[in-house]
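Visitor: Input sequences plus hints: build the corresponding full structure.
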Amino acid sequence: MNPELTERDFASVAPYLVGREKVREFARAVLATAPLHHDVEAARAAGFADVVAPPTFPIVVAEATLQQLLAEPDAGIDFSRVVHGDQRFTYSRPVVAGDELTATLRVTSIKSLGGNSMITSETTMVDAAGEHVVTSISTLVVRGDDS
Amino acid sequence: MSILDGLETGQVLAERTFSLSRDTLVRYAGASGDFNPIHYRDDVAASVGLPGVLAHGMLTMGVAAQPVVDWLDGRGWVSDYQVRFTRPVVVDPVDGAELTVVATVGAIDDAGARIDLTVSYAGSTVLGKAQVRVTPLG
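Taken in order, these protein sequences are the chains called A and B.
FYI, my numbering numbers position 137 of the first sequence as 137, with every residue one higher than the one before it.
Positions in the second sequence are counted from 1; adding 1000 to them yields my numbering.
Hints were generated in silico from the structure; no laboratory data involved.
Each hint should be verified, as a subset may be incorrect.
Simulated restraints, written as ranges between beta carbons of each label pair [unchecked claim]:
1. A:67 to B:1129: 25 to 31 Å
2. A:128 to B:1009: 23 to 29 Å
3. A:45 to B:1129: 31 to 37 Å
4. B:1107 to A:33: 25 to 31 Å
5. B:1107 to A:92: 18 to 24 Å
6. A:70 to B:1128: 36 to 42 Å
7. A:128 to B:1046: 41 to 47 Å
8. B:1098 to A:81: 28 to 34 Å
9. B:1015 to A:83: 27 to 33 Å
10. A:45 to B:1041: 40 to 46 Å
11. A:7 to B:1019: 31 to 37 Å
12. A:83 to B:1136: 32 to 38 Å
13. A:9 to B:1050: 32 to 38 Å
14. A:21 to B:1050: 30 to 36 Å
With the C-beta cut set under 10 Å, the calculated list includes, among others, these residues of chain B facing chain A [unchecked claim]:
15. 1031
16. 1032
17. 1033
18. 1077
19. 1080
20. 1123
21. 1125
Straight-line alpha carbon distances no greater than 25 Å define the calculated SDA-like cross-link-like pairs of lysine to any residue that follow [to be verified]:
22. B:1129 to A:98
23. A:111 to A:69
24. A:111 to A:49
25. B:1129 to A:84
26. A:22 to B:1037
27. B:1129 to A:88
28. A:22 to A:117
29. B:1129 to B:1001
30. A:22 to B:1075
31. A:22 to B:1036
32. A:111 to B:1084
33. A:22 to B:1005
34. A:111 to A:81
35. A:111 to B:1087
36. A:111 to B:1008
37. B:1129 to B:1008
38. A:22 to B:1040
39. A:22 to B:1080
40. A:22 to B:1034
All values reported here derive from a predicted model rather than from experimental measurement.
Each residue gets a CB set at the ideal place from its N, CA and C atoms; glycine is no exception.
Guide: As structure tokens, then:
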């Protein structure tokens, strides 16, 4: 894997508009039945502007930035050998329907361990006002030839 | 009343079992945009040496947070959530897979609490260091 990826500037991906039906669809997909994911009135009663996205929803937005990484011609990442090692979401506030999120990728570390490579990236998402909403931190493990 | 009132370290907040089926995987693939065929095609899973079709790690992570979100019931929000994917969840075409989630209070401070998740399938934990930070609302 190319160690210089950590110094690379990736362009922000096109803003992602969080739709109310998308939030409901994603909530159903992760078996999330809490009313604030589905019912606008319940979300507003809890103080939110619209239905609240489940905690892992930002992976949908981060996906486009991870594709950017895998598509780098000199990255040396074989997608068929990639497994998800760990994942973290660090929020400044919850994501709600109506948010327009702009995501920017940064590769924070590349390590080799026992024939495998581990690449950690951060996707920072800001709202239309430029305020931080959430950062998605992913470590991908690229398995070596022997594993 | 704050969600933190009366909370004690070690307290079990929730214990739930979720049934995953192949339908669940297809639905998650569609909703998330992750169409890696190892999550719905037995032949592809076998060709890359897997024991069967696997649940998306992000599906397991997403489902595992639900007992905490339900416990919060709009009185707080998830401000940080992390997991390590340690074991795959094989989803049988007929019997599916059962995930058990136990949510325990790990630590409490002035601003919120850390909830630790134990997520298991077929008697083994599948997520490591699964921690949810909850922050009270209001």
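Visitor: Now tell me, hint by hint, if it's right for this structure.
Guide: Hints, verified against the model:
1. A:67 to B:1129: 25 to 31 Å: holds, 27 Å
2. A:128 to B:1009: 23 to 29 Å: Taking Cβ atoms as reference, residue 128 of chain A and residue 1009 of chain B lie about 40 Å apart, which means the hint is violated.
3. A:45 to B:1129: 31 to 37 Å: holds, 34 Å
4. B:1107 to A:33: 25 to 31 Å: holds, 27 Å
5. B:1107 to A:92: 18 to 24 Å: holds, 21 Å
6. A:70 to B:1128: 36 to 42 Å: Check failed, 25 Å falls outside 36 to 42 Å.
7. A:128 to B:1046: 41 to 47 Å: Taking Cβ atoms as reference, residue 128 of chain A and residue 1046 of chain B lie about 46 Å apart, which means the hint holds.
8. B:1098 to A:81: 28 to 34 Å: Distance hint for residue 1098 of chain B, residue 81 of chain A holds at roughly 29 Å.
9. B:1015 to A:83: 27 to 33 Å: 29 Å Cβ-Cβ, so the 27 to 33 Å window holds.
10. A:45 to B:1041: 40 to 46 Å: holds, 43 Å
11. A:7 to B:1019: 31 to 37 Å: At 46 Å between Cβs, range violated.
12. A:83 to B:1136: 32 to 38 Å: holds, 36 Å
13. A:9 to B:1050: 32 to 38 Å: At 36 Å between Cβs, range holds.
14. A:21 to B:1050: 30 to 36 Å: Holds - the Cβ-Cβ distance for residue 21 of chain A and residue 1050 of chain B, about 33 Å, lies within 30 to 36 Å.
15. 1031: holds, 4 Å
16. 1032: At about 6 Å, which falls below the 10 Å cut-off, the nearest Cβ of chain A leaves the hint on residue 1032 of chain B intact, so it holds.
17. 1033: holds, 6 Å
18. 1077: holds, 5 Å
19. 1080: At about 5 Å, which falls below the 10 Å cut-off, the nearest Cβ of chain A leaves the hint on residue 1080 of chain B intact, so it holds.
20. 1123: For residue 1123 of chain B, the interface hint is violated, since the closest Cβ of chain A sits about 21 Å away, which is over 10 Å.
21. 1125: Result: violated, 14 Å to nearest chain A Cβ.
22. B:1129 to A:98: Given that 25 Å is the threshold and the Cα spacing comes to 32 Å, the pair is violated.
23. A:111 to A:69: holds, 16 Å
24. A:111 to A:49: violated, 41 Å
25. B:1129 to A:84: Holds - the C-alpha atoms of residue 84 of chain A and residue 1129 of chain B are around 15 Å apart, at most 25 Å.
26. A:22 to B:1037: holds, 22 Å
27. B:1129 to A:88: holds, 11 Å
28. A:22 to A:117: Cα-Cα ~34 Å, so violated.
29. B:1129 to B:1001: violated, 29 Å
30. A:22 to B:1075: holds, 23 Å
31. A:22 to B:1036: holds, 20 Å
32. A:111 to B:1084: holds, 17 Å
33. A:22 to B:1005: Measuring from Cα to Cα gives roughly 34 Å; hence the hint is violated.
34. A:111 to A:81: holds, 16 Å
35. A:111 to B:1087: holds, 21 Å
36. A:111 to B:1008: Violated, because 39 Å separates the two Cα atoms, which is more than 25 Å.
37. B:1129 to B:1008: holds, 20 Å
38. A:22 to B:1040: Holds, at roughly 22 Å.
39. A:22 to B:1080: Holds. Residue 22 of chain A to residue 1080 of chain B sits at ~22 Å (cutoff 25 Å).
40. A:22 to B:1034: holds, 15 Å
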